[in-house]
Amino acid sequence: MTAAASPYSVKRKELAAVPRMKQTRRRTSKKANEAAAIPPQAAPAKGGRIDVRVKFMGDLPAVVGARSIALSLPAEHTVSDLLAHLSATYGEAFTSRVFSSSGRLHHYILVFVDGAKVQVPAELGKTLGKGEVDVIMLPMFGGG
Amino acid sequence: MQIATQAQEAKWIPTACSMCYVGCGILADVRDGVVVNVKGNPDSPQNRGAMCAKGKAGVMNLYNPNRVTAPLKRTNPKKGLNEDPKWQEISWDEAIDTIVAALERISDNPKKLWIQGWESVGDTVYWLKAFAAAFGTPHFTNNGSPTCGKVIHPVEYFSGGGFHQQPDLHYAKYCVLVGTQMGIATRGSYNHIARDMAEARARGMKLVVIDPVGGYAASKANEWIPIRPGTDTALALSMLHVLLNEAKIYDEAFLKDKTNAPYLVGADGRYLRDEKTKEPLVFDAADGTAKIHKDPSLRNPALTGTYQAQGNQGRTAFDLLREHVAKYTPEQTEKITTVPAATVRRITKEFGKAACIGQTITIEGIVLPYRPVCVDWAKGTQGHKHGFHQCWPLKLLNMMVGAVNVPGGILSTSARGELPHHWAPHGGTDGMLEDGGHVFAVPHAKAFPGRTPTKPIRMDLTELFPLATHSNTLLPITFDDPKAYGLSYQIEVMMHTPTNGMLSSYGDLEKVERLFQSMKFVAGFALEINETTLFDDIVLPFPAFLERCDFNAGSGEHSIPPCGHHDFHWQVRLPVVPLAGKIRYPQEVIQEIADRVGLLGDTYRLVNYTFRIKDEYALQPGEHYPVTEVVDRTVRSWFGKDHDLNWFREHGFITLPRTVEEAYHGPSLDARVPIYLEHFLDRGVELKKVLDQLGLEWDLSDYKPLSEFMPCSSFTALEKGDYDLIAVHFKFPFTYGGFANENPWLNELCERTDAYNVLINESVGKAKGIRDGDTVWLESPVSKARVKVKLTQCIHPEVVGIGGHFGHSSPGMPVARGKGINFNSLLPTDIEHIDKISSALDHCVEVKIYK
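For the record, the sequence lines run as chains A and B. FYI, this note's numbering numbers position 18 of the first sequence as 18, with every residue one higher than the one before it. FYI, this note's numbering numbers position 470 of the second sequence as 470, with every residue one higher than the one before it.
None of these hints come from the bench; they were simulated from the model. We put the CB at the ideal spot given by N, CA and C, even for glycine. Please note: incorrect hints may appear among the correct ones.
Stated by the list, open to error - Part of the chain B face toward chain A, derived, beta carbon under 10 Å:
1) G33
2) V36
3) K39
4) P77
5) Y126
6) K129
7) A133
8) F135
9) T137
10) G436
11) H470
12) S559
13) R683
14) T753
15) S763
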């Protein structure tokens, strides 16, 4: 049932690396000091601890009561450790939204560390880098 | 000669239609900057040159003299369906200043923002979803219908792996449509599958339509079986009984290896589990021992029987299902459904025989099971108080014969692909299908294993619907008395897209009107001043058909593409004419609003993620991008440097090869699919605890692993004799799913086909002294309206059929105003009419009709 060959068909090998694109015709943000625009700075070590800023999005600010919080955590803390810490701090209201009953992270939860998406579950053991963490709960897609 | 000259001057520009959510490939004839014609793009895989009436008439939407083309503000603070907002044109700066000020007033409590984000056909929904998350509100809803996707998406993701379902019309020999006009009048990829359906019928595929209304689908079918509304569960369970207990037709190999049918279930309804691993146990008939479902030594899981396993006794899930459905004999269910017992037996046996269990087919050298039968369902079955269980046993019919994601069976749309990137469904908890596939990076609808219920924070009570994807239908119910649900605040600011939530997303209009009136501030995008826009404080003009610019050109490419072994295709929607008046692209407006409230970077993070924009093309905090650049960055991310926006301007779409295994992914799926919904039990118990804490008494009888028929209020009302008819909704191909009602050509089509009239059976009309064309009262428990009657033999005698979504009253829609009736306005909207699994609002409503 394959459709007839299209002149627009692309072979797999053509989908290779893409170079940086020239950026044109853009304007600069009116809020240059917005939080997300601040480049992550190396968190100063405090006796084996790092300063972590956790930003919450989606449903989670309503659970936590803030859009972001600042924490001082052991430098070796991982993403899993952070989520466990947040669960302990914010209790069942946080845990029930973030984890399934089997302990898996819900598929609508995204975690970014220093702007990079954490792959779940492979990278949950990753440390918290420079300490800029986003924990995001997105709505599910489809209908309604 | 003149005609020839004009033909030579025609400049056909490729783009994508935006008159409904499908997004067909079209060519626009633009002369001197004016669109004079559109036609289907014959090369587009999405629609293969075909267009529907909505698309052909779309040019009239573009040149609608009543379009909104500049920002407006209301000067009359009093809001209501019958209030004149007294609009005043304002500048974009004033409009955005006002919106930003409203957002900043609630920035300390961002959950007070509600965004209705669906505009059905492009990118704006994803941008608004990103902005809502960045703002920190849980209240992002789609203003689709109060049934839209409520059951199909979660069911499909845990039983098929993709977004929607679609019969494989390329191979099917027997197709049953229940409460849907798939491939004949409606559904995703309509203009593609309509031809597939015609070719299947010409090939000899038998089509059976089960529906209270004998509409377009019935007219094309071999057989139309009218059914009493709200009784599909009973019919499906009866068909399962005939299949499993009378005809004994089922795909044993599929059920053993690809479902949880052999899982052992204890007396408490839960799986027997291995003490050590906690994994479900099955009984291996090959060596007479119980072992976990994924034990490498498992050779022949027993499908039937009662066994001892690790000190406990369990029966197979398949046995429980077979025994459960035995009480639904066709003779018993005939009293519920009105479908004759002999008809149930006949079509079930025909279906079972046509399933060709055991046969295979070879496609491009790949040997696959061949199961050329399918039962398909959609809105008609979802829209019920017990909507989940109206649909689920229909899905089970396909599963019993192994006709799931194999040639000829029911296919899961857009579940798997390798190009332009990898996406696929996967197994998880208990070896069951848990993670669905989606070409966009968006969280898919999911009902397995579900969420843990907890005290609500959300005004739509999603926390109390642990198996639902969304629960927007609750908003008109909770806002009246939030404290009753443990909520101590009100939503204050609403933003919305141009679709019309007032008429299309809820029920009882008085309640929806009060909900919208309760908002302290409303801002919305608008094509025209519809009934939702009447409540706006600020109106933002939105691009119309053929002005838009979207990477996502509709659901036909990302969520509901044509199924079967087709190439993957992608088209972008590019403007063929400039924006009218002072209109701006919504993506650019959202950038500015996000920037002004300090959330541009966060919004970009989620836009980059959702659209899978690669790092080298990612939108950067602090920068603003023209929409063309955003789309350009996205197409390069997906299709490589040689396929930029200019390439799409020239070609319109791209195709990429798909393998047979991607098209028919069932055999290669690394997971089982459920026939027994064990997890419903625990979610129900957990929910009961939370409801008890809140002091709420809800009937949770839907939280059971095997479906039962449970009557809805309209069924009971007729039994009591309080009412004598049930109103149901059906769709017209020329108005369905899009921006059609204010279009003068489509209005003419509606008038000439009596689409504005309600259908009642000829015999009922005769008994009531009502003649064809009479104007009568139609009265539901919450609404009463004058309607014009069309008498027909093609409707169940207990039913009033109401098509389309009419009943407009806004002065901004002079073509549509005062024509037909809005079906949703008839629907009682309270907790008793909500499906406790899916949150669907009951769409069959008891009515009286009289002069």
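Would the hint on S559 of chain B be counted as holding, given a Cβ-Cβ threshold of 10 Å to chain A? Holds, about 8 Å.
With a cut-off of 10 Å on the beta carbons, see whether H470 of chain B makes it to chain A. Interface hint status for H470 of chain B: holds (4 Å vs cutoff 10 Å).
Tell me if the interface restraint on A133 of chain B is satisfied: Cβ within less than 10 Å of some Cβ in chain A. holds, 4 Å
Report holds or violated for the interface hint on T137 of chain B, using the least CB-CB distance to chain A and a cut-off of 10 Å. holds, 8 Å
So, G33 of chain B near chain A? Judge it on the closest CB pair being under 10 Å. Nearest chain A Cβ about 22 Å off; hint violated.
Taking the closest Cβ pair, is K129 of chain B under 10 Å from chain A? At 6 Å from the nearest chain A Cβ, K129 of chain B passes the 10 Å test, so the hint holds.
Does the nearest C-beta of chain A fall within a distance shorter than 10 Å of the C-beta of S763 of chain B? Given a least distance of 37 Å, the restraint on S763 of chain B is violated.
Per-residue hint verdict: P77 of chain B, partner chain A, C-beta under 10 Å: This hint is violated: P77 of chain B lies away from chain A, its Cβ roughly 29 Å from the closest one there, beyond 10 Å.
Agreement of hint V36 of chain B with chain A interface, Cβ distance less than 10 Å: Nearest chain A Cβ about 26 Å off; hint violated.
Could you check if Y126 of chain B really has its C-beta closer than 10 Å to a C-beta on chain A? holds, 9 Å
Given F135 of chain B as an interface hint, is its Cβ closer than 10 Å to any Cβ of chain A? holds, 8 Å
Going by Cβ atoms only, is G436 of chain B closer than 10 Å to chain A? holds, 9 Å
The structure fails hints 1, 2, 3, 4, 14 and 15 (numbered hints given earlier, in ascending order).
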